[in-house]
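These are the residues of each chain, in order.
There are 2 protein chains.
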Amino acid sequence: MNFKVSRVPLLNELLKVSRAVSPKSPVPTLTGIKIEAKDDTLYFTGSDSDISIHSYLKKDEKVKLEIIEEGAIILGAKYICEIVRKIDDELITIEIVDGALTRICGETSDFKINGFAAHDYPMIDFGKPEQSFNIDSDLLKLTISQTIFATSDKETRPVLTGVNVKCDKNLIYFVATDSYRLAKKTIENKDNLSFAVTIPAKTLNEVSKTIDDNDTLEMAVNDKKIQFVIGNTIIQSRLIEGAYPETSRLIPTNFDYELTVNAHDLLSAIDRASLMKNDGINIVKLSMSADKVEISSKSQEVGSANEILNEASFNGNRLDISFSGKYACDAIRAISSDIIKISFSGDMKPFIIKGLEEESCLQLILPVRTYN
Amino acid sequence: MNFKVSRVPLLNELLKVSRAVSPKSPVPTLTGIKIEAKDDTLYFTGSDSDISIHSYLKKDEKVKLEIIEEGAIILGAKYICEIVRKIDDELITIEIVDGALTRICGETSDFKINGFAAHDYPMIDFGKPEQSFNIDSDLLKLTISQTIFATSDKETRPVLTGVNVKCDKNLIYFVATDSYRLAKKTIENKDNLSFAVTIPAKTLNEVSKTIDDNDTLEMAVNDKKIQFVIGNTIIQSRLIEGAYPETSRLIPTNFDYELTVNAHDLLSAIDRASLMKNDGINIVKLSMSADKVEISSKSQEVGSANEILNEASFNGNRLDISFSGKYACDAIRAISSDIIKISFSGDMKPFIIKGLEEESCLQLILPVRTYN
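Quick mapping for you: the protein sequence lines, in order, are chains A and B.
Positions 2 to 373 (this note's numbering) are the ones given, in order, by the first sequence.
Positions 2 to 373 (this note's numbering) are the ones given, in order, by the second sequence.
Honestly, the hints are just simulated from the structure, not real lab data.
Keep in mind that a hint or two might mislead.
It does not matter which identical chain is used: a pair holds within one copy or between any two.
[As the list claims (entries may be wrong)] Result set (DSS-like, lysine-lysine): computed pairs, CA atoms no more than 30 Å apart in a straight line:
| no. | residue 1 | residue 2 |
| --- | --- | --- |
| 1 | K113 | K129 |
| 2 | K350 | K286 |
| 3 | K203 | K155 |
| 4 | K327 | K39 |
| 5 | K278 | K79 |
| 6 | K39 | K129 |
| 7 | K65 | K355 |
| 8 | K87 | K327 |
| 9 | K342 | K278 |
Put together the whole structure using the sequences plus the hints.
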C-alpha cells in the first residue's frame, strides 16, 4: 500500500471512524483503524464490535488522492489520528514499508509506526438490513436529544440502557425510561413499516455527534442490527436484546390539575432550589394553588430555599408534589418550548410535561414521597 | 447583620475570596467565607490557613450598598457563591434571622442557610510586612508563567514546590526547579531591598488568576509571610521554610555549541516527535550538525518519528543530545520569543534556552542518557 492524500479530508475520515474505536479493546486489531486503498478510493473502518463505522474518500479535486500501490493496513487509532492531526503539511503519504511497519510522512515529518496486517481485522458485514426509511437529520438529532437522557445507566436491566424505537404503520415512537421517568417522541413516517428495536444509547450518541448538516439520512433495521447511512458514512450497531417494557399503559390520560408556566422561569427556580441537597440528591416540592405557585426545597444540613413563580397559571385544587429536581430540569430542557404545560392526576401519580401546543414530545416523571 | 447590595459586585468579591477556601478543610469555619458589614463597607475573608484572601466593597453608585444593621457571619463558600450566582435579581438582601441562620433573598427567591458565628473564625493578621515594593501586574503575571511550571510537584523536598524570590539590591530573581530543569527570571527594582523567600506555587497561581488588568500591585514580605495587594484585595500566604538550593552555580556559562531556531517550528517538531512514548515518557533526540538539524524519537512498541528543522542554524561540531520533550516544550512556551537560542556545552551537560536578544528569562534542562 502506498498513497498520497490531502491531510484535512484524511483527518476528518480518521476522526469519524475512530469514534467507534475503543483504545482499551481486548482485541488488539480493534484498537486500530483499518485503511484500505483500492480503485481510486480510500476505505476506513473503526469498530468496538458493538458499534462499527465505515466511510470512504474518493479521488477528487479537494481530496487529491493518488494511489501508487493498492493495499490495506490497520494502524493504531490514537497514533494515526494524532500524527495526521499534527503534521504541518498539506499532503500526507502513507506507505507500508515492511510487513506491518508503515511510514506516514509530510514534507519534513517522517513517522514509522507498527501496524497490524489488514487480514487480521474481524469480518464486519456492512450489508444493508431490509427495512429502511429516510429521516431528516435535524429531526433525528432533536429526537435523540429529547429521549436519550432518560435511558438508564445501570446494567441490571440492559434493555433500559437503550432507546426503544417502534414503528407502527405511519408513526415511529422513540421511548426511553429508567423506570423513574420516561421520555417519548412521536414522529411521522410515510413508509408503512413495522418493527420494534432497542438501540444502545451509546450508538445514538455517536450518530448525533456525526450528523452536522441538515441532510436526509437513511435508517435501516432488521432484528440483529441497525444502520445509519449519512452521506459517505455507515454507522452500524448491534441492538439490545430482550423485551422492552410496555410503556403506553404507564402514561396517564386523565388529569385533575394543570400548570402552565414559562419554561425558563421554572428551570431557573428548580435549578436554584436544587442547591439544597440531601446526600447529593435534590428533591424539590412544587406547591400550587389558584393564587400562588411555589418551588421549595429543604436540607437538614444546609438550609432551605423558596421560589415564587409569578408568571404561572394553575387549574385545580391545591396540590403539593415532590420530585427530583434533576429529572424535572432534564425534561424541561428536552422539550425546548418557551411555555410548558404540566398535567397532574394526584400527589403520588406520575405527571406529564409537554410544550404548549406541541404534542410530539412527552416527558413523564414519577413523584417521590417526602416527610417534611 | 442586615444589608442590601448589588448582586454582581457582591458575586465578584465572593468568588475572589472563595479561591482561598478549601471545601474539604478540617476546620468547619474555613469552608466558609466571613462577611462583615460595618461602616458602610462589606469585608470578605476566605482562607485555607496557608493562603488567605481579604477584600472589601464600599458603598457607591454601582455597589448600591445599604447596611440596615451591622454585623458579621460565616457562610459556606460553595452555597453562598452558587446562590448569589444563580439568583436572577439585581439586588440581594443578606440578613441574619436567628443565631447563625441567614436569609439570602432576591425578589422571588428566598434562601435560608445555616452559617457559623463570625467569632468562631480564626484570627488572621493582615498587617503589612515591612519590606515592600511595587511591581507592574503584567510583569508579575509573565514572571509567574515563566517560572511556576518548573516547580516540583513532589512533597519529598518541600522547598522545590515553590518559587524562590531573591532580592539583591536592584535585581529580583525568580527561580524554580524540580532538579531536572530550572527556570529563572530576572527583573529590575528600584527599592534596594534584600530578602530571599520561597513562595508556594499554589499562591502564585491564585495571584496570577486574580490579576486581570494592568495595575501596579504591591508585594510585601517578611520571613513569615508574603502579601500581594491588588486594588481592594490582599492575598497573603505563608512561605515555604527551609534553605533553597544555591542554583547559580548550576547554570553553565561557557558553551561550545549554539542553535538558533524558530520557536514555533521547534515546538511543533518536538510535539509531533513526542507522540512516540515509552511508558508514557517522551524522550526526544536533537541531532545537530552544520548542515542538518533533526528531532527524532523512538518507541519499541509504537515506532519512530523524525523531523527536519529547515530554518535552524547551528554553530559547533556535530552534537546529539536527548531530553524530555515535555520539559523542552514547557521551556520554549515560557520564553515566548519568535526565535530562540539554545546553548550547549556537551551531550550530558545541562543546556540553556533563551529568547534571541532577551536575557531576562533563562530556561535550563538536564539531558537524559539514552541507549539507542
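Against the structure, the hints come out as follows:
1. K113 with K129: Neither: 37 Å inside a chain and 60 Å across chains, both beyond 30 Å.
2. K350 with K286: within (14 Å within a copy, 69 Å between copies)
3. K203 with K155: within (13 Å within a copy, 39 Å between copies)
4. K327 with K39: Classified as neither; 51 Å inside a copy, 39 Å across copies.
5. K278 with K79: between (40 Å within a copy, 12 Å between copies)
6. K39 with K129: within (22 Å within a copy, 75 Å between copies)
7. K65 with K355: Answer is neither; intra-copy 50 Å and inter-copy 41 Å both fail.
8. K87 with K327: Between. Shortest inter-copy distance 16 Å satisfies the 30 Å Cα cut-off; intra-copy 40 Å does not.
9. K342 with K278: within (26 Å within a copy, 56 Å between copies)
Hints 1, 4 and 7 from the list above are not met by this structure, while the remaining hints are.
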